[in-house]
Each structure stands twice: as C-alpha cells, then as structure tokens.
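Chains V and Z, in that order, give the protein sequences.
First residue of the first sequence: 1, per the working numbering; consecutive thereafter.
First residue of the second sequence: 1, per the working numbering; consecutive thereafter.
To be clear, the hints were calculated from the coordinates, so they are not data collected in a lab.
Mixed in with the good hints, there may be bad ones.
[To be verified] Simulated DEER-style distance windows between Cβ atoms:
1. Z:Gln-101 - V:Ser-62: 39 to 49 Å
2. V:Glu-68 - Z:Thr-94: 40 to 50 Å
3. Z:Glu-66 - V:Asp-7: 41 to 51 Å
4. V:Ser-62 - Z:Ser-41: 19 to 29 Å
5. V:Gln-80 - Z:Leu-51: 37 to 47 Å
No experiment lies behind these values; they were computed from the predicted model shown.
Ideal Cβ positions, reconstructed from N, Cα and C, are used throughout, including at glycine.
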Amino acid sequence: DTGVSQDPRHKITKRGQNVTFRCDPISEHNRLYWYRQTLGQGPEFLTYFQNEAQLEKSRLLSDRFSAERPKGSFSTLEIQRTEQGDSAMYLCASSLGTGSSRDEQYFGPGTRLTVT
Amino acid sequence: DAKTTQPPSMDCAEGRAANLPCNHSTISGNEYVYWYRQIHSQGPQYIIHGLKNNETNEMASLIITEDRKSSTLILPHATLRDTAVYYCIVRSNTGKLIFGQGTTLQVKP
C-alpha cells in the first residue's frame with residue numbers, strides 16, 4: 001500500500017538559503033495539496049493542484065514560495081531566501097479530485113524545516 | 001469558509017466511548033463536515049465525513065444535528081492509541097481543508 005511520500009523528512013538550513021521539498025502523491029490521485037503547520041497550530045492551506053494546474057494559492061504563499069507539479073505527478077515546493085519564520089512542518093496531501101463527496105485527502109508524513 | 005469550534009482538550013478512560021463535539025453554525029447547505037486526527041509528529045489521518053445523515057465506519061461514528069450546526073465524533077471504545085489531536089473541518093467547495101486548533105484527546109488507562 002503506497003501512501004503519500006515526502007522527501008526529505010527533515011531539513012535544517014541557514015537563513016537565506018533556498019530549499020526544495022518533494023511530494024509523491026498516491027497513484028492516480030489528481031489533486032495535490034500543500035499545507036504548513038507550525039508548533040501547536042493546525043495545518044494551514046498553502047496551495048493545490050488539479051493535475052498539473054495550480055488552481056489556488058493562499059495569501060500565506062509569499063513570492064519566495066513556488067510550487068510545481070510537472071506532468072501532474074509529483075510536486076515540489078521551493079522556498080527561496082529562507083527566513084526563521086519559515087520553520088514549520090510542510091505537509092502534502094492528495095485526493096482523487098473527482099469533485100464528489102468521497103474526495104478525502106490523504107496526508108504524507110511531512111517535511112520538518114528548521115531555519116537557523 | 002465556515003469555521004468550527006471545538007473544546008481544546010478532553011480526557012477519556014480506556015475502553016469507554018469518546019464523544020468529541022464540534023460547532024459549525026455557519027456551515028452552508030452543500031458543505032461537508034470532515035474529521036481528521038493527528039498523532040504527534042505524523043500527518044493528519046482521515047477519519048470520517050458527512051453531509052446530513054449520520055455516518056459510521058470502522059473507525060468512528062459521526063452524528064450531525066438536524067440543523068447541521070453541530071456534530072459529534074464518537075470513538076466507541078477508545079484505546080491508548082487514540083490519543084491525538086482531533087480536527088473538525090468544514091471542507092470548502094474547492095476541496096481545501098481549513099483546520100482549527102482541534103481537540104486534544106487524552107485516553108487514560
């Protein structure tokens with residue numbers, strides 16, 4: 001049973017560096033979501049893709065953040081010029097994207113980013 | 001997007017039913033109520049969802065009031081492994097999930 005996978009699981013970087021995270025969704029899932037979670041808070045929506053199209057971006061996604069999903073398969077989330085406030089758990093989720101009621105999202109284990 | 005209100009924490013004795021309440025008074029007619037839980041340092045796990053009718057699966061039951069302004073998640077026989085943060089979410093039409101701070105459920109032996 002292959003669930004959502006994320007790589008790396010942990011990343012420590014120095015302020016000002018660029019980082020890139022990868023998410024591999026469940027096979028045949030058309031929708032892919034990115035969320036961010038800081039300590040003690042619930043996950044916050046960042047952006048989502050329907051196949052390769054990025055359909056919605058949160059205002060939390062500043063211009064230092066960019067996400068891609070080439071060919072509608074895996075996705076990458078890049079953060080440029082990292083700041084200490086970017087330290088968080090970055091979660092990826094995928095769903096069938098059928099638009100029906102049975103469209104639950106399945107989450108990966110997350111990438112924990114620490115900016116020093 | 002509809003917001004939800006949950007108690008910050010609850011305790012439950014192992015083997016007893018855990019009843020987790022949620023208020024979503026601003027929910028729209030076509031918005032679904034979803035429940036997820038998150039065990040420490042893991043990604044959220046889907047539990048159950050519903051629109052109007054009560055729902056049951058192998059993990060839990062979901063009771064939605066007739067006016068849809070509140071719901072209750074029921075774990076029929078709580079175990080220590082059910083200790084987690086439980087999120088009640090009203091899913092937006094675009095599919096994104098708007099999480100609140102959830103309820104921390106502590107199951108005690």
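For each hint, the structure was consulted:
Judged by the Cβ atoms, the range 39 to 49 Å given for Gln-101 of chain Z and Ser-62 of chain V is violated: they are separated by roughly 23 Å. Between Glu-68 of chain V and Thr-94 of chain Z the Cβ separation comes to about 19 Å, which falls outside the hinted range of 40 to 50 Å. At about 46 Å, the CB distance of Glu-66 of chain Z to Asp-7 of chain V agrees with the hint of 41 to 51 Å. Checked against the given bound of 19 to 29 Å, the beta carbons of Ser-62 of chain V and Ser-41 of chain Z, roughly 26 Å apart, stay inside it.
Judged by the Cβ atoms, the range 37 to 47 Å given for Gln-80 of chain V and Leu-51 of chain Z holds: they are separated by roughly 41 Å.
In terms of the numbered hints stated before, the structure departs from hints 1, 2, listed from lowest to highest.
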